[in-house]
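Given chain D, put chains W and R in place with the hints provided.
Residue numbers (my numbering), protein chains in the order written: chain D, 1 to 236; chain W, 1 to 274; chain R, 1 to 271.
In short, the hints are calculated from the structure, not lab data.
Among the hints, erroneous ones may be present.
[What the hints assert, rightly or not] Per the computed footprint, the stretches of chain R lying under chain D, defined by three or more beta-carbons under 8 angstroms from a beta-carbon of chain D, are:
#1 86-93
#2 105-117
#3 152-160
Where a beta carbon is used, it is the ideal one built from N, C-alpha and C, also for glycine.
Here are the chains, one letter per residue:
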Amino acid sequence: MLAAVTTVLAVWLGGIWGPAVLAGIAVLLPAVAGRMLGRLLRTSLLLSLPIAISVLVVNLFFYPAGQQILFQLGPIRGTTEGLSFALETLARIGAISGAITLFYLTTSPSELVLDLERRGVSPRVAFVALASVQTVPAMVERAATITAAQRARGLDTEGSIWRRVRGVLPLAGPVLLGSVAQVEERTMALESRAFTRPGRRTLLWQPPDSLPQRIARWLLLILVPALFVARIAGWL
Amino acid sequence: MPSLALESVAHVYARGNVRALDGVSLHIEAGERLAIVGQNGSGKTTLVRHLDGLLRPSAGRVLLDGTDVAKRTVAQLAHSVGLVFQDPESQIFAGSVRAEVEFGPRNLGMRAAALRAAVDEALSAVGLAGDERTNPYDLGSARQKLLALASVLAMQTPVLVLDEPTTGQDLRGVATVRAVIEAAHAAGRTVIAISHDMEFVASAFDRVLVMRAGRLILDGPPASVFAEPAWEALRSTYLEPTLAARAGARLGLGATPTDAALIAALRGSEPGPA
Amino acid sequence: MLTIESVTYRYAGAPRPSLYDVSIDLGKGEVVGVVGASEAGKTTLCLVASGLAPRTVGGVLDGRILLDGAETAPLAMHQLAERVGIVFASPATQLSGVAGTVYEEIAFGPMNLGLPRAEVIARTEGALAALGIEDLAARDPSRLSGGQQQLVAIGGLLAMRPTHLVLDEPTAQLDPAGTRLVADALARLAAGGASILVAEHKTDLLAAICTRVVVLEAGRIALAGPAAEVLSDPRLPELGVAAPSFVRLRRAATAAGLAKAAVVRLAEAVR
Numbered sequence: 001m002l003a004a005v006t007t008v009l010a011v012w013l014g015g016i017w018g019p020a021v022l023a024g025i026a027v028l029l030p031a032v033a034g035r036m037l038g039r040l041l042r043t044s045l046l047l048s049l050p051i052a053i054s055v056l057v058v059n060l061f062f063y064p065a066g067q068q069i070l071f072q073l074g075p076i077r078g079t080t081e082g083l084s085f086a087l088e089t090l091a092r093i094g095a096i097s098g099a100i101t102l103f104y105l106t107t108s109p110s111e112l113v114l115d116l117e118r119r120g121v122s123p124r125v126a127f128v129a130l131a132s133v134q135t136v137p138a139m140v141e142r143a144a145t146i147t148a149a150q151r152a153r154g155l156d157t158e159g160s161i162w163r164r165v166r167g168v169l170p171l172a173g174p175v176l177l178g179s180v181a182q183v184e185e186r187t188m189a190l191e192s193r194a195f196t197r198p199g200r201r202t203l204l205w206q207p208p209d210s211l212p213q214r215i216a217r218w219l220l221l222i223l224v225p226a227l228f229v230a231r232i233a234g235w236l
Numbered sequence: 001m002p003s004l005a006l007e008s009v010a011h012v013y014a015r016g017n018v019r020a021l022d023g024v025s026l027h028i029e030a031g032e033r034l035a036i037v038g039q040n041g042s043g044k045t046t047l048v049r050h051l052d053g054l055l056r057p058s059a060g061r062v063l064l065d066g067t068d069v070a071k072r073t074v075a076q077l078a079h080s081v082g083l084v085f086q087d088p089e090s091q092i093f094a095g096s097v098r099a100e101v102e103f104g105p106r107n108l109g110m111r112a113a114a115l116r117a118a119v120d121e122a123l124s125a126v127g128l129a130g131d132e133r134t135n136p137y138d139l140g141s142a143r144q145k146l147l148a149l150a151s152v153l154a155m156q157t158p159v160l161v162l163d164e165p166t167t168g169q170d171l172r173g174v175a176t177v178r179a180v181i182e183a184a185h186a187a188g189r190t191v192i193a194i195s196h197d198m199e200f201v202a203s204a205f206d207r208v209l210v211m212r213a214g215r216l217i218l219d220g221p222p223a224s225v226f227a228e229p230a231w232e233a234l235r236s237t238y239l240e241p242t243l244a245a246r247a248g249a250r251l252g253l254g255a256t257p258t259d260a261a262l263i264a265a266l267r268g269s270e271p272g273p274a
Numbered sequence: 001m002l003t004i005e006s007v008t009y010r011y012a013g014a015p016r017p018s019l020y021d022v023s024i025d026l027g028k029g030e031v032v033g034v035v036g037a038s039e040a041g042k043t044t045l046c047l048v049a050s051g052l053a054p055r056t057v058g059g060v061l062d063g064r065i066l067l068d069g070a071e072t073a074p075l076a077m078h079q080l081a082e083r084v085g086i087v088f089a090s091p092a093t094q095l096s097g098v099a100g101t102v103y104e105e106i107a108f109g110p111m112n113l114g115l116p117r118a119e120v121i122a123r124t125e126g127a128l129a130a131l132g133i134e135d136l137a138a139r140d141p142s143r144l145s146g147g148q149q150q151l152v153a154i155g156g157l158l159a160m161r162p163t164h165l166v167l168d169e170p171t172a173q174l175d176p177a178g179t180r181l182v183a184d185a186l187a188r189l190a191a192g193g194a195s196i197l198v199a200e201h202k203t204d205l206l207a208a209i210c211t212r213v214v215v216l217e218a219g220r221i222a223l224a225g226p227a228a229e230v231l232s233d234p235r236l237p238e239l240g241v242a243a244p245s246f247v248r249l250r251r252a253a254t255a256a257g258l259a260k261a262a263v264v265r266l267a268e269a270v271r
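One chain only, chain D, in its complex shape:
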């Protein structure tokens, strides 16, 4: 919730200081509270570095409305307006990527999915979302076993490119065929536990939801249209 609102606000607020303050409140404070400031900064920087660099370079040197020249590098000129715009955009990017990273670091996928299910998402969708994550390690292990079995039959995985291309079918084949066979068995196992019963299912676990959290969520929801109005009215 926080991430979504922060993102929307970051786009709307004008100027450099708007997004920066926003980032301060909505991203850095919670990060400090959750003791993950270091991880947050590292991950967030990693994510946004490529785009940040290109934004800076493009706008500094190629901002169309740029008049006031800061400095000159051969035929290319850096403008003040360009720099200003670049910094604004960077502030926004910082706020958005920070918010997204905070979300990613603090949310467990299974808890999120279960909570969504509680609020009305279909149990089958929830199941697919969760199961897809869980099957990855098993598939990786199976792929390793298949590779080992074929190597034991003389498949050369250490040779030339041409040899390795020839190895694709014996390696991919069992993975795919086996997956299909497993899906069948899995489906039967699920059906025998009433997975196909229409309707909602009982959920055991409820994510902790305190009053302050609920108030905070409502406040955030009100904030977006409020700021929107304020922007239009020219106050911000």
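Below, chains W and R without anything else, positioned relative to chain D:
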């Protein structure tokens, strides 16, 4: 025919920091029939995967005919050691039984008449000769296992390693596996098998290795591994001696790991003319 | 009481039926073993008994299946799931894959049934206790041994409170310790009054827990009767079934011409 040896081999799986093999030393002569038993996780699979280079020792050496195999690739070692995996679905990919069996020997360089002969021989050894053109996925799981066996048999390696060959097999399937082992042994090949079936182990092999937590705790012929003095060690790893062994001990007849041994001992202890 | 009455079943697209005119009763507290050569129809019988054939697997079923006298044909799979549970050979594919703990895994079924929360909890804890695996409740199912995973799979089915349990080679992929775990669990459940149909190659296991045994051959019932009788029947080997160890031993002794006294001594020793 080569011998095999492990010298103080240890193997640690990086991710779990698990010592899957803890200083195993072992010498296997050419032509031996050797069974490896133990709980899942005792290191049986880890050990046999060192024999064809799929796994490399974290410490110690693996020797084939006296030479360290460290420098040889798995593809090269596949000429000497054929390993049949437990789950046939880990390897089946071809559209026909014949094509599936051809894969291994082809990788080893066999062609034309030699290839045909090797495949024909392997298919009849496991009873799949009439199913050459069948799609492997149309075979039941027990026959798929026999197909996997044939696909490695056709490679005609001097050493044959089988991972749980009798699991899921009916009476005829088990008889087929026994016959394959006998034929390989008669041809001078070394046969190594991992198994949970103590009756099979006691009757089809000359030597039994018992593993627990990455170590060898017993090593000897079935008569000694299933004899009473070894029971404590066996039971410490949740293995039971064969019924024949237990009956023989109860009747005070010495070591009788197999039905045949027990009956011979009973006959020997009968009063009256021989 | 589960009644399979003159059932003939053919898989979709198969040239021939896999089961011919098979009739079996599974009464309360009975443990019926099913043996036979590979592809004799053991798995098919399990799928038919649980309703997965023809509902999920497709195919054509002739004959009737009755649960406590009522036809099961009009029931959907999720309705049958509460009455008949099925366990397969491979532990890993039976895990739902979405449960972080054994507790959640076992609760999966009752949760799907939409039962009140208190009921879900009661059933989950009941299943854990019935199998004696309370200490595994907080563990990650994907990290358990094969035998433990099978117990979790059985627990997941018990939580559905089925009246009948069908198991298709439940110990096939297990090591001796795992096999013992499952066998003991089944014996305990049977002693508690569960009705169990179990297909296996391991006749020693069946000899220990079954009241009756059925032998399938090419889709038909070749032998059926009390466990001790069927498992000592001399026709088992030609039907592709290995007799239990003590039967084999006794038979070999007699065949070897041992004096009757010796055979008796032997029989005593293997008891």
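Hint check results:
With 5 residues bearing a CB less than 8 angstroms from a CB of chain D, the stretch 86-93 of chain R meets the requirement of three and the coverage assertion stands. Three residues within the 8 angstroms Cβ limit are the bar, and the stretch 105-117 of chain R against chain D gives 11, so the coverage statement holds. Coverage of the stretch 152-160 of chain R by chain D holds [criterion: at least 3 residues with CB-CB distance below 8 angstroms; count 4].
This entry satisfies every hint, going by the numbered hints stated previously.
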